[in-house]
Amino acid sequence: MKTFKKTSLATLLSATAILSAGSVVANEDPVKLGLMLPYSGTYTALGEAITNGLKLAIEQEGGQLGGREVEYIELDSEADPSKAPQNMSRLVNGDKVDFVIGPVHSGVAMGMLRVAKQSGAITIIPNAGLGAATNELCMPNVFRTSFSMWQDSYPMGKVAYDQGHRKIVTITWDYAGGKEDLAGFEEAFTAEGGEIVEQILVPFPSTEFQSYLTQIASLEPDAVYTFFAGGGGVSFVKDYAAAGLKESIPLLGSGFLTEGNLTALGDAGEGVMTTLHYAETLDNDANQAFVSAYENAYGEMPDTYAVQGYDTGMMLVQGLSELDGDTSDQERLIDVLANVELESPRGPLSFSDSHHPIQNVYLREIRDGKHEVVSIAHENLEVPDEACQM
Amino acid sequence: MDLAFFSVQLLNGLQYGLLLFLIASGLTLIFGIMGIINLAHGAMYMIGAYLVYDLNLRLGNFWLAIMVAIPIAIALGLIIERLFLDTLYKRDHLYQVLLTFGLILVLNEAQRIIWGGDVHRVPVPAPFDASIQLTDNLQYSVYRLFVMGVCLALAGVIYWVIRHTKLGIIIRAGAVNRDMVEGLGINVRTLFTLIFSVGVALTAFAGMIAAPLTSIAPGMGDNILITCFVVVVIGGIGSIKGAFWGAIIIGMATTFGAVLIPSLASMVIYLIMAAVLLVKPRGLFA
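Same order as they appear, the protein sequences are chains U and L.
For the first sequence, the working numbering gives the first residue as 1, with consecutive numbering after it.
For the second sequence, the working numbering gives the first residue as 391, with consecutive numbering after it.
These are computed hints drawn from the structure, not numbers from a lab.
Since the structure is predicted, the reported quantities are computational estimates derived from the model, not experimental observations.
Even glycine gets a Cβ: it sits at the ideal position worked out from N, Cα and C.
Be careful, since some hints might not be right.
Derived CB-CB ranges, DEER-like [stated by the list, open to error]: (1) S375(U) with A516(L): 48 to 56 Å; (2) S653(L) with E136(U): 52 to 60 Å; (3) K370(U) with T477(L): 39 to 47 Å; (4) A520(L) with R114(U): 47 to 55 Å; (5) G266(U) with L473(L): 36 to 44 Å.
So the derived list for chain L, only partly shown, Cβ under 8 Å to chain U, looks like this [unchecked claim]: (6) N498; (7) R502; (8) P517; (9) T525; (10) L528; (11) Q529; (12) H554; (13) T555; (14) T580; (15) T583; (16) S605; (17) A643; (18) T645.
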């Protein structure tokens, strides 16, 4: 309530300012947002969902941030790590954007963060889940509105143990993101007393799973925990069901296994349990308003990527309205953004000292082609960030 | 490793290998006879899968969708060959590589414009939407067995055409010495158009029948392309027989490599390629 009063007071003040000196504010330069997201290739759908969510948040504020017009500069990252530093430099030095929003892919994030460090450009990561971004590599000008691999998989460890599973096979792609995800799960599961019978690493980005499914069948674990995403997620869940394993060996996973994939999964997805920081069926006011606004604007259900884009937009809306659109003092700007607190569609959202979201992680089960929320797997989960000293 | 486990893995390797053969056969034909490195071959595989996804939704029948999609794929090959490749035959190879690379970009972008970035699926069609019990907890999709049958049948047909028909003689001769074939009064231009269209149709068809087994996603053809090049190089460029055995070797190596030497799983096919090239620099059957 207190923050509400403060912001409404700020709005009132800025309204007065506009009335008294309208021409000055109207002439001000637009806020430039540089979007460095994949608009082609495997991650196209993610880049588009994030962009849609971001624009929806800003449109709801009349298309303005702190009273200033907004200019979007969209750059296709191609999810290509080797082009990341060059693309980021183009946005920061060429287009002189006020904020860089991106990327989706963790490899691209590594390249971007290098430039973020040199240039000091304020960077908001709306997806990429590499833990290091807000831990070992942390810097004051970098924020994350999404998750880390660890954050979404860690809660599943306890859930799996509580469901009575003792021996589990884990399987993912042999790359940093997959391994970080498994590490979170395995940490929690073994701490409870469970045993990882086998950790299977599939060459990235292969989706030829038959031989691994045969291996899983012969190992006969209590359950399987997996991280795959996009087309790989669909292939794995479908192949798992087609091999008849779903009935005898329950499939658990990180939410990315099924996120954005519900239609493609069809019946094969029914009963699959995942943990994630969002579910489209979440029963709170912010989410209901968001889902219907998103459906109206884009004609489809939002997924977690859309929410991450939306919260990035809301973070800017709240931050810049508190500053009346004044982005000249960067230290103050960073301070204001770090203290943003949102009633997000995903639930309460605030930021840790390392600028990483503190948020709920939900246990979800696919029923009738929707992610139904079973429970809150972990409330207000903060991620390890000991290596981050601002 | 017990016998059941071993047999199931054998089946997995065979099935993957046979599908690889179908994709690689078109690549090796185009490569061997026309001398064109068709980088867009993987994109054609993707287009095949998307075509059948789209037509299956519109027509409501998977088999009908394939019947309609095949002529579209052939037409696509025809258009590309006549409009673009035809003007480049007299130029250096680099131009053709550039062209087919450009085609990847164009086809991927066209896919995005027409079908968007979402992941799609095609349901397993009747009457093959059943499973058989292999071990006490493992089932095998009947559709996979069907795909194996189709691939084997097509391999037989291609082998017969190449071994026992006049067209086959021309194709084999063309792979060895193109100038001589032309000198003998064979219309090479028509031959090229035919080979390219058939090659494209074969890989697109592979995408179509693989669609119910995989997820249909942007960029799905880019990954398969590299594996197919390995198959073609191992088997010997231009050799259908080589493509067949190369594909079976790679299928088996991928399957068994993944479970027996997981730390080398991503490398194993390249190690085999290197080993083959050391012993037989022109491939096994060239």
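Q. Broken hints, numbered, in rising order?
A. 1, 2, 3, 8, 12, 13, 14, 15, 17
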